[in-house]
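Novice: Those protein sequences? They're chains A and B, same order as listed. Under our numbering, the first residue of the first sequence is numbered 996, with each subsequent residue one higher. Under our numbering, the first residue of the second sequence is numbered 282, with each subsequent residue one higher.
Hints are supplied without guarantee of correctness; some may be wrong.
As a list, the in silico DSSO-like pairs of lysine-lysine whose alpha-carbon atoms are at most 27 Å apart [as the list claims (entries may be wrong)]: (1) B:Lys476 to A:Lys1625; (2) B:Lys435 to A:Lys1298; (3) A:Lys1638 to A:Lys1537; (4) A:Lys1619 to B:Lys476; (5) B:Lys366 to A:Lys1028; (6) A:Lys1411 to A:Lys1471; (7) B:Lys366 to B:Lys420; (8) B:Lys435 to A:Lys1028.
Short derived list, chain A residues pointing at chain B, Cβ under 7 Å [said to hold, decoys possible]: (9) Met1030; (10) Gly1031; (11) Thr1035; (12) Thr1037; (13) Glu1256; (14) Asp1259.
These are calculated hints, taken from the structure and not from any lab test. Ideal placement from N, C-alpha and C gives every residue a C-beta, glycine not left out.
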Amino acid sequence: MSDNVRLPSLSTFPRLLMHHAQMRPNHPATREKDMGIWQTWTWSQVAEEVRAMACGLAELGFKRGDNLAIIGDNRPRLYWAMCAAQCLGGVPVPLYQDAVAAEMVFVLQDAGIKFAIVEDQEQVDKLLENKSQCPDLLHILYDDPRGLRHYNQSFLHGLDEVQEMGRIHNRNHPEFLDGEIEQGRQDDVAVMLYTSGTTGKPKGVCQTHGAFIAAAQSGCEFDKLGPDDNILSYLPMAWVGDHLFSFAQATYAGFTINCPESGDTVMTDMREIGPSYYFAPPRVFENLLTQVMIRMEDAGALKRNMFHYFMDVARRCGAEILDGKPVSGGDRLFYALGNLLVYGPLRNVLGMSRIRVAYTAGAAIGPDLFRFYRSIGVNLKQLYGATETCAAVCLQPDGQIKFDTVGPPAPGVEVKIDDSGEVLVRGAVMLKEYYKRPDATAESIDAQGYFHTGDAGFFDEDGHLKIIDRAKDVGKLANGAMFAPNYIENKLKFFSHIKEAVAFGDRKDEVCAFINIDMGAVGNWAERRNIAYSGYTDLALKTEVHELIRDCVEQANAELAHDAMLSDSQVHRFLILHKELDPDDDELTRTRKVRRGFIGEKYGVLIDALYSGKASQFIETEVKFEDGRKGKVSADLRIVEAKTFPPQSAKKAA
Amino acid sequence: MSEGRQIGEVILDLKNISLRFGGVKALTDISFDVREHEVRAIIGPNGAGKSSMLNVINGVYRPQEGDIIFRGEHHRDMNTYAAAKAGIARTFQNIALFKGMTVLDNIMTGRNLKMKSNFLLDALYWGPAQREEIAHRRKVEEIIDFLEIQHIRKTPVGRLPYGLQKRVELGRALAAEPSILLLDEPMAGMNVEEKQDMCRFVLDVNDQLGTTIVLIEHDMGVVMDISDRVVVLDYGRKIADGTPDAVRSNQDVIDAYLGVAH
Chain A
996 MSDNVRLPSL STFPRLLMHH AQMRPNHPAT REKDMGIWQT WTWSQVAEEV RAMACGLAEL
1056 GFKRGDNLAI IGDNRPRLYW AMCAAQCLGG VPVPLYQDAV AAEMVFVLQD AGIKFAIVED
1116 QEQVDKLLEN KSQCPDLLHI LYDDPRGLRH YNQSFLHGLD EVQEMGRIHN RNHPEFLDGE
1176 IEQGRQDDVA VMLYTSGTTG KPKGVCQTHG AFIAAAQSGC EFDKLGPDDN ILSYLPMAWV
1236 GDHLFSFAQA TYAGFTINCP ESGDTVMTDM REIGPSYYFA PPRVFENLLT QVMIRMEDAG
1296 ALKRNMFHYF MDVARRCGAE ILDGKPVSGG DRLFYALGNL LVYGPLRNVL GMSRIRVAYT
1356 AGAAIGPDLF RFYRSIGVNL KQLYGATETC AAVCLQPDGQ IKFDTVGPPA PGVEVKIDDS
1416 GEVLVRGAVM LKEYYKRPDA TAESIDAQGY FHTGDAGFFD EDGHLKIIDR AKDVGKLANG
1476 AMFAPNYIEN KLKFFSHIKE AVAFGDRKDE VCAFINIDMG AVGNWAERRN IAYSGYTDLA
1536 LKTEVHELIR DCVEQANAEL AHDAMLSDSQ VHRFLILHKE LDPDDDELTR TRKVRRGFIG
1596 EKYGVLIDAL YSGKASQFIE TEVKFEDGRK GKVSADLRIV EAKTFPPQSA KKAA
Chain B
282 MSEGRQIGEV ILDLKNISLR FGGVKALTDI SFDVREHEVR AIIGPNGAGK SSMLNVINGV
342 YRPQEGDIIF RGEHHRDMNT YAAAKAGIAR TFQNIALFKG MTVLDNIMTG RNLKMKSNFL
402 LDALYWGPAQ REEIAHRRKV EEIIDFLEIQ HIRKTPVGRL PYGLQKRVEL GRALAAEPSI
462 LLLDEPMAGM NVEEKQDMCR FVLDVNDQLG TTIVLIEHDM GVVMDISDRV VVLDYGRKIA
522 DGTPDAVRSN QDVIDAYLGV AH
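Turn these sequences into a full structure, and let the hints guide you.
Specialist: Laid out in structure tokens, this is it:
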């Protein structure tokens, strides 16, 4: 496929689509499980659907330069809608489908949305609720008509009708759409993705066709992805990762995307499809591992012992075998046996039997977690990138995997570390601009054309980039030692009983932390010890649970004591929060990153209590339910001291 | 309530129903009717005779006196088979599913009456039997999609939480494509979220499939929100009948629920 992009005729996504429709008309392009059966659309059918949708949109008045909001789960027609908008020279703007109505308003207003294509009644209701605040919004199109029979607003249209309209339009003006596609240029904006907004309001990142095609090309060549690969498209469409993998790379290389039946069926659907290419944030890998561990704990003694025995073997040599490094004959034999008895069946249960390449990105992944997947033979690799760089800055090449780095810069991308330690990026994959925000654009792209990522990192001796933390989060303890909260939190989060952690310590003497327990893992743990509980809050307040978590924290402290730079960052005190941190309460971003500043303000009393030596603290918090109603949760939280260890770095270095 | 739904003629008319078990009078001289496409609630304190009423409608109990007129036909002695055949389906207060079977199979059993092919062809899964099975499976999948239970399609029912089991039971009743659906406390024992989901499904069934619904429910909020007309029973007698608002302000009803000073 490398000659694709050099041809000027394939410089935009609609052109790539039409190219595939011609080159491999009967090759599967999109699958969706509907009514229990996988439905397939070939490239020529997809091209037809996109054509109908684009013509229908044109008929409704969608013009070059208009923005099209796309809101919903991963549905084939929503992916096609992206391409349909691009055909007409418009810009698709995918939104997070689980955002509450008020959050959507900001993006709808900011992007001046006139047309929205949404999945179902739920999303239509959200838009209707806020329509008065979005005067620009002219038309709402929906994919699934269920429950919308009695909605008689004239600006609401079913996608079926719009596509039918488009088909008629296309019959009458067969030249129209090809002419429109012909006008598309490589440096036109292809998509606008909103940043998750860890700080402040989200910004619209404008990416051109050229940038995403460059990113797709480098990724596909790097991992030799071709038309025969399969990917499961289940991550939010508004996330840059999904856009790169499920849209840009799929449209570039011509491989098949598979849309799961619903969010709850992803595990089953993954097993049925057996993707060859897989992408997930660390959180997903973590959840899968937690589920496996819970099930193993419940398994019979024989199975459990076999699992643990062979996992020890895998830990010893699995990753080395995958990397093709020399391993003793005995270990190879044991590994082969383990592969037959444990790893193979386990990969099958996880739906990972056919995976050639799996990537994780979006947050740091715990080294043990990473090692686990590699040791059972899943070629999991890390990549590093941001919305502003089409997600592709660094990739780990096969055979050069390190657990704590994200690999060397991707082909065609230039990476530099500035004096303050911040990672700077330059190359074809960079954003064109922030939408209507020249100030922000000027702030993040410097005079030499480098994009400032805001991440702190350095290159190791092999030229692999190592990311420490967000540059602005890295602070100092009162004694001057470096404090990287993310690093500590990741260490804690690797314990299957801990779901989320927030560490504090900037300009303080000691590090303290908030903990969110993992309801699944701790719940199972409690049930097997006959500890009764009524819900998250109740469970989180149990003394036994505090002891369990204290063990985890102390283990993490022991590991931190070995780290030369971070041995002062051991967690002295912690408390278990009475509610789960939730994006609906603004505590996490939609991509589930901790919003440190906000949490610091919201739970100020708790932080004060952690540092004042109190034994407990009362707190009452307002929570928002998914349907927008509000409730209150209150609890008396215990503050627990954890043992710390003297720094071991000197001994270890010797 | 939805505006598009047209409430039609009376399709089920119960006249002067009395039911006794020996000396115990379960129902005394009760009359009410159900109109096509409406949501009709039966409420009342414990032991008021609500479940007995449903059992009379679908032929589990035979009343000693009274007349059941369903779609113009008199059924003095309705029996369960005839009721099911005529398009009356129901769910039970205590879940009555096949615990060891999957969700899919449980809902499939609801298609039983609609299956025509013979045993031998079924066993061989051949010819018409195969085509029929595929058509029924399609219908069942539509119900699974409608009730949003795709993720538990292949899970044995016994392993599901209570709220989901209730939903599966509704699914099985729907599989018979009934014209009247009798729901016996569909929301009992559910948490707020499950109740909301169930309400939505009941309303969707009523609205999109046009199914007439007769339901027994204890949660007054639910009853007042989703029903068109409410009949109130107390000690086997009808004490009120009318719109939710009318029933709510009826003094007899208030007394029955809150008690009166003696």
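Novice: Which of the listed hints are broken here?
Specialist: 5, 11 and 12
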